[in-house]
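Chemist: Protein chains in written order, with this note's numbering: chain A, 10 to 132; chain B, 183 to 1008.
These are calculated hints, taken from the structure and not from any lab test.
Take these hints with a grain of salt, some might be off.
What the hints assert, rightly or not - Computed footprint of chain A on chain B; a stretch qualifies when at least three of its residues, placed anywhere within it, have a C-beta under 8 Å from a C-beta of chain A:
1) 373-383
2) 905-918
Claimed, not checked - From the derived model, a few chain A residues whose C-beta atoms are all more than 12 Å from chain B:
3) Ser14
4) Lys19
5) Lys62
6) Val110
For glycine and all other residues, C-beta sits at the position ideal for the given N, C-alpha and C.
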Amino acid sequence: MKNISSEHLKFIVSILLSALLGYAVGIYGNLPWYSFVVTNIIIAILIDQKPSKSFMSGALGIGLLWFGLAFIIDNQNHHILSVKVAQILPLKGSFVALISVTTIVGFLIGGLASLTGSFVRKS
Amino acid sequence: MRLLPLIASAVATVGLVAVLNTQLPSGTSKTPKLGYFLSPQHGFWKNAEKVDAGFDASIVAGELKGKVDVYMDDRLVPHIYADHDEDAYFVQGYLHAKFRLWQMDFQTRVASGRLSEIAGADKLSIDRFFRRLGMVYGAEKTEQYINESNPVMKATVDAYTAGVNAYIKQLSPEDLPLEYKLMNYQPEEWTPKKTYLFLMFMSYDLTGRSATADLQLTNTRDYLGFDLFDKLFTNQQDSLDPIIPKGTAFAKPSIVPLKPINSDSAYLKKQVQILVNGKVSASPEAPDKNNGSNNWAVSGSKTKSGRPILCSDPHLGLNLPSLWYEVQITTPTHSTYGASFPGSPAVIIGFNDSLAWGVTNAGRDVLDYYELKFKDSTQKEYWFNGAWQATTTRQEIIKVKDSADVVENIAMTHWGPAMFDKFYQNPQSKGRNLAVKWTGHTASTGVETFYKLNRAKNFDDYLAAISLWKCPGQNFVFASKSGDIAIKQQGSFVARWDRQGDFIMPGQDSSYDWQGMIPNDENPMIKNPERGFVSSANQKSVDPSYPYYLGTASSFPLYRGISVNKRLRTMNQISAEDMQHLQTDNYNVFAEVARPALMKFIELNKLSPNAQRMVKEMTNWNLYNNGNEKGITVFKMIWDSVEDAVWGDELAGSAIPLTKPESFVLLDQMNKDSNYIVADDIRTKGKVETLKEQVNLGVENATKKLLELEKEGKLEWSLFKATRVSHLTKIPALSRLNLPIGGGVNIINATSEAHGPSWRMVVHMTDEIEAYGLYPGGQSGNPGSPYYDSFVDYWAAGKYYRLLFLPKEKLVAHERTKWHIQFNKA
């Protein structure tokens, strides 16, 4: 019982740390957009989890971060830009699709980075 | 054990990042770096502005001499109040950059032949064209001239440049304008040369049509022979209503240009010999033929208030971000408001507390080609005035993205750059070696004209300011609070003999050279005329009694001028609102004459039932090009088809596209000669088609196309015309398409498909100036801003904004004033 809750705690802390540090390295636009790969790897090395859990926590951390930011920005912008960009990309002008694509990219790279970190710890 | 999964996941991570950090090919272009572009902290999301964002700010800049207060009104127009003139231009540069940086960068890249640097080899042909035309050469000459001889203008442009760069320096990467993120490149430092390059581009846009037209006209003449050419391309315009009223006496000319004695054989009818075949390269689209404009001023005798009203609406390509940016500049020396060019200091079209001014294009021919004979393929010497003369070489290095540099070695001659030679040809140049001579290459202080107009107090100041203006030649309209109105065609104009420069000229001796430039005081001008108004709409400025040749009739649209003058003659007790209605008037004066001319030839009972129905649609039409009318669409299709039937045959069969004669030529013939010889289809041997047959054939041909349009539901004029305001990259998602607006070519509201009134302004010269205006765009160049296209719908509806032009205390307290940006020295 105790073990399971500590697993939960690790998972949640990993997600939060990944989102928080991912956001922090993104504040300064001079750092590359993929800087969160490094922070996710470090988090996964420091917090011992099963590789699948590491993947999910990194993926959710960055995915939720990107989703949240895009969602807030888009609402404050009344979809002015997202509708235009979703025609260029092309996503038929759908801001929902554009936010989804944004979220998926963050999710995938965030997850893979954490997975890599957890394998570093295990090897 | 765990090494394999480690390697696999590391490779997957790095691989995915790498792919999303690369510009992937997509059709002919490339995607942005997708990971970067989608990242909410780096990419496009950062450009999505809060719709209720404020613009208050406090900015410290060491370059300033004092304090500057900028108040932004509810349309995001800045009202700049500065203690020093130079500070005002610093802040204007800063604000241009803040709201229009990418556009400024892009437009000067086009002008200087540097598109390939960001877009790759695809754009090389455009870059080569502008390099070889001498755009950079001209800008360099102007820069050198101003640096050496005009400290005030140098200080002005330097202050503006410093302002642009102060913004660029504080710009963090995530706040780059969207287009940089899309195309993946970085802004670079602004320089005074870029300002001059931008002004060169305006010269090209307004006088550069000759760079294409002279070649086409030469080829058309060669194809038709001079006699037939002269019939189809007559310079006689029967219905002309010139800017300077007919019958006005002109001073004795100080230059009498002499036509070379051999011009009939060597110039007008010359058989062109093809010398070599160079590499054929595509040219950029020639500047729009309808780059024109309307402007007029009515004197107090015709207005309700007893004070003059001035109107100006330049017709240019309609783009987002707009060419124009509204601004008020107030310093201890002057206070002015109007439309400015992002890329240049000062107000370009506007007013101050004493007077107002506006411009239309003069359309005069100031660019010629001279055919060269090089001694050999090294192009080191050319034959001129009986001897081999040495050329110098100008090197232009074009950087190309993902590819090696391209070097243009351009031979410089007495005439100017050898634009076409063995290295560079287009389909129209047909192997010739051609040097280009253009007033755009002359060093000039064009920006000083606007600097002085911004500060002018009266007619004399206006005249002194515009006397500096060289290229592109403009009709400067003027009105003052004190009651004067005037218009002057000003520029550096060639004293030409009849048809000089319409075609490529022989370049082996100086007999075809320009024999002088017309002195400023012989340029057409009129002040406070009896009739109570002055106007221009790109028509010929003068009747044939003017002692100099203006250029081919195709450069001077006839009908807008007729419309404007016809209306102004009858209008009295005019208000600013009446002037707004006139600026947006859709009456079709061409159709007023052309429809009865067509009807004279149409045999209704011989037409098919559908054609009869279409003709009825046309005859029931009210002659207004309103967006919801169908008659104008029918009229236009019928007229175009008749033109095709009449002279399509003469022009068919040429491998290269030839110039189409002007509509007025056919219309004048229909009205005076029903046995028009050109009507005959020369392709049908043994049969002579009459004009009547051709007109009825034209109606049937048009009907086929009209039935198609009817099926698609596109017979209504605004749907057929589909006016758009395109983003500079032409990306549809960033453009405004299918605007519900009437107007068209030959109409005062000159709105065609992608071209039209780019800034509408009405200024009533009352004590507190009453001014209205808008342009089809918005003050912000950011597609993610609500201010990106905020004026477009209003513009399409023919509405106007009242412009706020107030002293500081009144503006600060005004209900429409929203934000305050402070600029301090430290």
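Chemist: Given as covered by chain A, does the region 905-918 of chain B meet the bar of three residues or more with CB within less than 8 Å?
Modeler: Satisfied; 4 residues make the cut.
Chemist: Three residues or more, CB to CB closer than 8 Å: is that satisfied between the region 373-383 of chain B and chain A?
Modeler: violated (count 0)
Chemist: Are all C-beta atoms of chain B more than 12 Å from that of Lys62(A)?
Modeler: The claim stands: Lys62(A) keeps its Cβ more than 12 Å from every Cβ of chain B (closest is about 14 Å).
Chemist: Beyond 12 Å on every Cβ pair: is that true for Lys19(A) relative to chain B?
Modeler: For Lys19(A), whose nearest Cβ neighbour in chain B is about 19 Å away, the distance exceeds 12 Å, so it holds.
Chemist: Just want to verify: Ser14(A) was marked as not at the interface with chain B; is every Cβ pair farther apart than 12 Å?
Modeler: Holds, because the least Cβ-Cβ distance between Ser14(A) and chain B comes to about 27 Å, which exceeds 12 Å.
Chemist: Taking 12 Å as the cut and beta carbons as the points, is Val110(A) off the interface with chain B?
Modeler: violated, 7 Å
The structure does not agree with the numbered hints 1, 6 stated previously, though it agrees with the rest.
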